[in-house]
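Please model the complete structure; the sequences and the hints are all you need to start from.
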Amino acid sequence: MRSDWPLYEVFVRGKRGLNHVHVGSLHAADDEMALHHARDLYTRRNEGVSIWVVKAADITASSPDEKDPFFAPSGDKVYRHPTFYDIPDDVPHM
Amino acid sequence: MTATLPEQDLERHFERTIEHDQRIEPRDWVPEAYRKTLIRMIAQHAHSEIIGMQPEGNWITRAPSLRRKAILLAKVQDEAGHGLYLYSAAETLGADRAELTDKLVNGRQKYSSIFNYPTLTFADVGVIGWLVDGAAICNQVPLCRSSYGPYARAMIRICKEESFHQRQGYELLMTMMRGTERQRRMVQEATDRWWWPSLMMFGPPDGDSPNTEQSMAWKIKRHTNDELRQRFVDMSVPQADALGVTLPDEDLKWNAERGHYDFGEIDWSEFKQVLAGNGPCNAERVAHRRAAHDGGAWVREAAAAHAAKIKESVA
Ligand SMILES: [Fe+2]
Ligand SMILES: [Fe+2]
Numbered sequence: 063m064r065s066d067w068p069l070y071e072v073f074v075r076g077k078r079g080l081n082h083v084h085v086g087s088l089h090a091a092d093d094e095m096a097l098h099h100a101r102d103l104y105t106r107r108n109e110g111v112s113i114w115v116v117k118a119a120d121i122t123a124s125s126p127d128e129k130d131p132f133f134a135p136s137g138d139k140v141y142r143h144p145t146f147y148d149i150p151d152d153v154p155h156m
Numbered sequence: 012m013t014a015t016l017p018e019q020d021l022e023r024h025f026e027r028t029i030e031h032d033q034r035i036e037p038r039d040w041v042p043e044a045y046r047k048t049l050i051r052m053i054a055q056h057a058h059s060e061i062i063g064m065q066p067e068g069n070w071i072t073r074a075p076s077l078r079r080k081a082i083l084l085a086k087v088q089d090e091a092g093h094g095l096y097l098y099s100a101a102e103t104l105g106a107d108r109a110e111l112t113d114k115l116v117n118g119r120q121k122y123s124s125i126f127n128y129p130t131l132t133f134a135d136v137g138v139i140g141w142l143v144d145g146a147a148i149c150n151q152v153p154l155c156r157s158s159y160g161p162y163a164r165a166m167i168r169i170c171k172e173e174s175f176h177q178r179q180g181y182e183l184l185m186t187m188m189r190g191t192e193r194q195r196r197m198v199q200e201a202t203d204r205w206w207w208p209s210l211m212m213f214g215p216p217d218g219d220s221p222n223t224e225q226s227m228a229w230k231i232k233r234h235t236n237d238e239l240r241q242r243f244v245d246m247s248v249p250q251a252d253a254l255g256v257t258l259p260d261e262d263l264k265w266n267a268e269r270g271h272y273d274f275g276e277i278d279w280s281e282f283k284q285v286l287a288g289n290g291p292c293n294a295e296r297v298a299h300r301r302a303a304h305d306g307g308a309w310v311r312e313a314a315a316a317h318a319a320k321i322k323e324s325v326a
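Chains A and X, in that order, give the protein sequences. Under the numbering used here, the first residue of the first sequence is numbered 63, with each subsequent residue one higher. Under the numbering used here, the first residue of the second sequence is numbered 12, with each subsequent residue one higher.
Hints in this document: simulated from the structure, not taken from any laboratory. Check before you lean on any hint, since a few could be wrong.
[To be verified] Covered stretches of chain A, going by a simulated chain X footprint (3 or more residues, C-beta under 8 Å):
#, stretch
1, 66 to 77
2, 86 to 92
3, 115 to 126
Beta carbons: idealized from backbone N, C-alpha and C, even for Gly.
Here is the structure:
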């Protein structure tokens, strides 16, 4: 009998003040075990203060095939950046 | 809304990404041969880390002090971790973990030839750290810039940990060299045993390495086997001097013109024999891995059954 454990993606907060960052994946029978395995596998040298695990199957991701059209809405909106606006040099604190 | 691009556009996009030294990421379109080459390479690498636990694991219960035991345990545990980082990277390419393990225990996928040699004395533990992990570092540092993102990131993690492996080995040997005449002899003999197999870790000579050219074009590999081997020899000679051991090669000498050490001919027939399964410990290594896998089957099944039951009772 083959009993495959599901794949979990692991996210670790390196220290307080930082975001969780994806570090890799592992297999576990359930959520609880995934957390324990993640601790043993990805934080053997104090690399984290907090861990998230989530079943890989539960992640919805953008598809790389459509990357250009998918991100197009942000590509042509230069006015979203502060450098778009000309302000004279002698105006302070801006 | 997904507009799938024609294959030649995808291929051009892939090539441009590589050309610009950008990383390929999971779910990007890649040529089938790129995927296959990477899976083979990463799987072999993962298997090597996993099998690589055995030669040293053999000495955990017999390490001469609590300090050495704790260090060795941590080191072997790291190697397990390295194997798992790499299996995880292979899975992003669509490989199946259970299938990879299957291939290893059934001898259908290879691992590094170095782990088919026995560890006869505790000095072998030190020499493995110094030379075998040293050679692994030489191989792995350039792989941190490999074109496949998940592989490169796994290598960065691994390289950070390898430095401890090499240093604990070298420190162990320095301690033995300060000991008795008999201990010094053990270090020399272990060096004699591991030097040539360590050189073989870099793989066949460039003229005889069919995959190298394509792997370099894809920037999976960044240097040829012979380049890395030379780098390792150049690094090891002063380390051997500082330790007070002799590397077992009469042809080893500085070549001022090349700016490198010349070294003797490697016995490639031995390498081929070990790869073909006829090394001193091949059968033992695979049998041990298979026994551990089979022995753990009931645990995996029980945990899966327990998880299913909990899920049911919650639902
Ligand atoms: Fe390793
Ligand atoms: Fe190592």
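Tested hints:
1. 66 to 77: Satisfied; 3 residues make the cut.
2. 86 to 92: Answer holds; 6 residues pass the 8 Å Cβ test.
3. 115 to 126: holds (count 3)
The earlier numbered hints are all upheld by this structure, with none contradicted.
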